[in-house]
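Line by line, the protein sequences are chains A and B. In my numbering, each number is its position in the first sequence, counted from 1, plus 93. Each step along the second sequence adds one to the number in my numbering, with nothing skipped, and position 43 is 29.
There could be a bad hint or two in this list.
Claimed, not checked - Each computed SDA-like pair below joins lysine to any residue, with the alpha-carbon atoms no more than 20 Å apart:
| no. | chain 1 | residue 1 | chain 2 | residue 2 |
| --- | --- | --- | --- | --- |
| 1 | A | K463 | B | D(-8) |
| 2 | A | K463 | B | M(-13) |
| 3 | A | K463 | B | D8 |
| 4 | A | K463 | B | T(-9) |
What the hints contain is simulated information worked out from the structure, not anything from laboratory work.
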Amino acid sequence: MVTQEDVMRALGSVPGPDGKTPLPESGAVSGVTVRDAKVFAAIAIDPAQAKAMEPMRARAEAAIKGLAGVQSAVVTLTAEAARKIGEAPAGGNGAHSHAKGAAPGARAATELPGVRHIVAVASGKGGVGKSTVACNLAVGLAKLGLKVGLLDADLYGPSAPKLFGITEKPDMAEDGQKLEPMVSAGVKVMSIGFLVEEGAPIIWRGPMVMSALTQLLREVAWGELDVLVVDMPPGTGDTQLTMAQNVPLAGAVIVSTPQDLALIDARRGIAMFNQVHVPLLGIVENMSYFVCPHCGGRTDIFSHAGAQREAEQLKVPFLGEIPLDAAIRANSDEGRPVVDSMPGSPQAEAYLRIARAVAETLSAGATTAKPAPRIRLV
Amino acid sequence: MAWPTDITASDNGRRLEVVYDDGVAVQLSAERLRVESPSAEVQGHSPSQRKIVTGKENVRIVGIEPVGHYAIKIVFDDGHDSGLYTWDYLRELAAS
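Let's have the full structure, built from the sequences with the hints guiding it.
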């Protein structure tokens, strides 16, 4: 039977955070739990040094595992709140400190520092190719010379890792507080898919999803971005509401296939954004038509121009149509967005046109997004 | 639609003034906002579930938080903070 004392003795061989003092004497061991043959230990460190402390953590884990009778050992690094008294909470999100003494006339605290425009790519219905459009739109915007990020907000079905061909895991940023986004095809990408195994399901209830989403949004070192494209999950649920409530979206792009069945749901998505006053940048008609590679004949598999008609009816800009195309599908599955891997092709051009239209609307400030009101308590 | 440019709580949190970009300014008392809170705690999930809130003559606004692009959350000193007041709702409330 392993005891706490045994564990501490084993840790005596591991130098603590200062690199000299053995862990037990360094005072950094903040907890040891032994359950059956499983050992859990926590080491408190300065969060800024999280990365540098990893080897120490691994050595501590190995030392405990080396004890006779230990089946498994988990050592975690915990950050002590090094916050000084009177200092604002991390992130400086004024939302909780506005009561009195908040900067008079402070604007909405919901903004993401450094990010100029946040654009949601949404669809009412799944399977219409929204993620592929979001990915290629982001790459297209980057090709136009903008600094672009993509946040995969589809926590239950993340597809950004696959679409961008990213298999590595993100690193901790320098400050030890945020995650560094991955970069592919000139776009900074963050997805829950980087953090869980491919194929592993996320089985979470709504509140968990919301807090994970807020973390993916705010605890990532996006840096300076002109546009952050958010790939929304399909539908009009929790995630969409959280996004609408937590960040001032510059606008939304709705993706739909041309058939009526999909358009009904697209209309729902549009109505939702209207309700929360998120301006619509336009509608994209995906899988618009199919050109047979053998005979060159064109088939409107899901009918045609339905999204365009819908856009006219709802007085929303029509951003363009993307064909149903084997090259787009194949490249997407291989993690090479066509805008990047097939420059100059009609497929890439189709996406670039949409990117241009979005960029123009954003730069003209023509999104009907109005500035947040000044809120004051006097 | 009219968009608010300034939202100001004054008189020690007892009044709220909203100025819209069409030049209209509306005034609402904290009491009115509290008893007419759009929160499900007050409105229920259907008109028949609506609760009559009383005894809030002296309630004060202690916080206002922006919600996305379309509403504010008002925090009252009695702990009520679950009502999201949309731009339209504030205007309608003042008009009725």
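The hints, checked one at a time:
{"no.": "1", "hint": "A/K463 to B/D(-8)", "verdict": "holds, 13 Å"}
{"no.": "2", "hint": "A/K463 to B/M(-13)", "verdict": "holds, 11 Å"}
{"no.": "3", "hint": "A/K463 to B/D8", "verdict": "holds, 13 Å"}
{"no.": "4", "hint": "A/K463 to B/T(-9)", "verdict": "holds, 9 Å"}
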